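Enquirer: Chain by chain, the residues:
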Amino acid sequence: MIRSKWVGPSIIIFLVLLSLPSFIPRFYTYILALICVTSLLAMSLNLVVGHGGLFQFHHGVFYGVGAYTVALMLKKTSLPMWAGFIAGPIVAAMIGLIIGWLCVRLSRLYFGMLQISLGSLIWVIVFRWYSFTGGDDGIFGVPMPSLLSSLKNSYYFILIILAICLILMYMILKSPFGSTLQAIRDNPQRCEAIGINVRRHQLIAIVIATFFAGIAGVLFVALERSVFTDLLFWTLSLEIFIMCLLGGWFTFAGPILGAAIMVALRTFVGIFTEYWTLILGIMLILIIFFLPEGVMGFFQKLFKPGTKDAAERGKG
Amino acid sequence: MLQVEAVNKSFEDFMAVSGANLTVGKGEIVAVIGPNGAGKTTLFNLITGALKRDRGKIIFKGEDISELPPYEICKKGISRSYQIVNIFPRLTVFKNVQVAVLSQQRKSRKLFQPAKNMVVSETKDILESVGLLDKAHGVAGALSHGDQKILEIAIALGNEPELLILDEPTAGMSPEETSATMELIKRLAQMRGLTILFCEHDMDIVFSIAESIMVMHQGRTLIQGRPEDVRKNSFVQEAYLGIE
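Line by line, the protein sequences are chains E and P. The working numbering numbers the first residue of the first sequence as 1 and each following residue consecutively. The working numbering numbers the first residue of the second sequence as 1001 and each following residue consecutively.
Among these hints, one or two may not hold up.
[What the hints assert, rightly or not] Simulated pairs of lysine to any residue, SDA-like, Cα-Cα distance not exceeding 25 Å: (1) P:K1107 / E:K301; (2) P:K1110 / E:M94; (3) P:K1116 / P:R1106; (4) P:K1232 / P:H1217; (5) P:K1116 / E:M94; (6) P:K1057 / E:N197; (7) E:K174 / P:A1136; (8) E:K301 / P:P1227; (9) P:K1110 / E:I164; (10) E:K174 / P:Y1071.
[What the hints assert, rightly or not] Covered by chain P, according to a simulated footprint, are these stretches of chain E (three or more residues, beta-carbon under 8 Å): (11) 172-183; (12) 196-203.
Don't read these hints as lab results, they were simulated from the structure. Predicted, not measured: the structure shown is a model, and the values here were computed from it. We put the CB at the ideal spot given by N, CA and C, even for glycine.
Model the full structure from these sequences, guided by the hints.
Expert: Here you go:
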């Protein structure tokens, strides 16, 4: 299993988060839950962006597909509820397989462009197919199991699933597959020359990442009980991308930090001005200039001087 | 072991390789020489599958490999190093080699086992044999140029090749590093029973270590033979050995 100096602190953070809802107002519990869901989404994207070096420009689609799948199944079928919860990530991963299979044939920017096109296609289908998806009205009042009836319970559920997913992601990144994926990010050409089928590995990484994005989508429904087409819109994909950059895309937990910053900014600065993105823009500019490896990357550099300027070297 | 027959490759209008022939026997050390732009690197790229040839045959151990992708060719037993350093700069030196060993042992797709306990002794053996073991836990991008060139070879060894192709293994090295590297290559060839195909600009090195030399000029093979025969060739004398 996992042996790392982070085990202790992680357990403490987990326990603190678990006990928080008893002390803080309902609104903050909701914001924390939202941060957890968004963190999982950003972490899933970072598997392929930060660790895989892929231009996964439209990751939001898989989040939306996961959310819509569970919402539609709970609302429109009489199948047991757990089936919907499981179907979400599976359908997201299947869409990930199809889109990924097409995209890995192309390199870098072309990969990203094709993914935006294919993702937008799915968005249009969801947006236009009123009779099935509710179009831009979305789906409201998704029934939930009684276990998730209160906000507190939903929060516990989300937190526990997030913790399990983070452990799984950590294991994947520390596995031979994780090492190979990072090697592909650094130098795909060399990987081919040492006997690695680069496209196959990239496709597996995409399927894994979209599976986790699907889980995040399911958690979103568990929290909000509703879905809307913005979940699949490209601006959301851009936001998740920014979260990874903001937090530090060469670190494991950076995207969590990025997600927390984004959600907090939108919520708390959003109260004072609807132009909260202006603050975000200024922060991003500062970070790109002064912390090119993100907030988490900056702290890692402080404590581990050996990892200095990894981004610089990567360009060589 | 390796047979290159009348291979052609053009980039748009430019014939990079036209009519290259090469024979590499098992256990041999073969050098390819020729001026810049003669097509040596292109020839190596064709053999390893990084480029596809237009015409001709590339036969390795009795099998035509000219249509295979690079990762399949690697699995047949050919691995290579590059003229310009081509490593994984953000990974540690250890991981650079480990990734190759994992690939060789078909373990690259294991998802939930910790990699740090896998193929450790194999990886350390390779690092020790090239003399990089004490730098194993540093980041590869931080190594000196000479060490990065050695790491190039170490990564290639991770695949347990039968045929090792070295594209100017000593490019950019100091004279001391160069002779140390050539000693290392000779020693590795003996220790591991490797067949080696390399190209190099330094004629002293080539004639001291190679058992067979192939001369390329403007994409063509002029001659391939034993060093003493190649030395007698009038074109080679004029172009490389400075004998009028």
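Enquirer: Could you run down the list of hints and mark each one as holding or not?
Expert: Hint by hint, here is what the structure shows:
With a CA separation close to 31 Å, the supplied pair K1107 (chain P) and K301 (chain E) exceeds the 25 Å bound. For a cut-off of 25 Å, the pair hint linking K1110 (chain P) to M94 (chain E) stands: about 21 Å separates their Cα positions. Taking the CA atoms of K1116 (chain P) and R1106 (chain P), the gap is about 16 Å. The hint holds against a cut of 25 Å. A distance of roughly 17 Å separates the Cα atoms of K1232 (chain P) and H1217 (chain P); the hinted pair therefore holds under the 25 Å criterion.
As the CA atoms of K1116 (chain P) and M94 (chain E) are separated by approximately 31 Å, the hinted pair breaks the 25 Å bound. A C-alpha spacing of about 24 Å is found between K1057 (chain P) and N197 (chain E), which places the hinted pair at or below 25 Å, so the restraint holds. With a C-alpha separation of about 18 Å, the suggested pairing of K174 (chain E) with A1136 (chain P) holds against the 25 Å cut-off. Note on K301 (chain E) and P1227 (chain P): the hinted pairing is violated, with a Cα-Cα distance of about 53 Å set against a maximum of 25 Å.
For a cut-off of 25 Å, the pair hint linking K1110 (chain P) to I164 (chain E) stands: about 19 Å separates their Cα positions. Taken as a hint, the K174 (chain E) and Y1071 (chain P) pair is honoured in the structure, with Cα atoms around 23 Å apart against an allowance of 25 Å. Counting residues of the region 172-183 of chain E whose CB lies closer than 8 Å to any CB of chain P gives 10, so the stated coverage by that chain holds, three being the minimum. Look at the region 196-203 of chain E against chain P: 4 of its residues bring a Cβ nearer than 8 Å to a Cβ of that chain, three or more, so the hint holds.
Hint compliance for this structure: hints 1, 5 and 8 are not met, and every other hint is.
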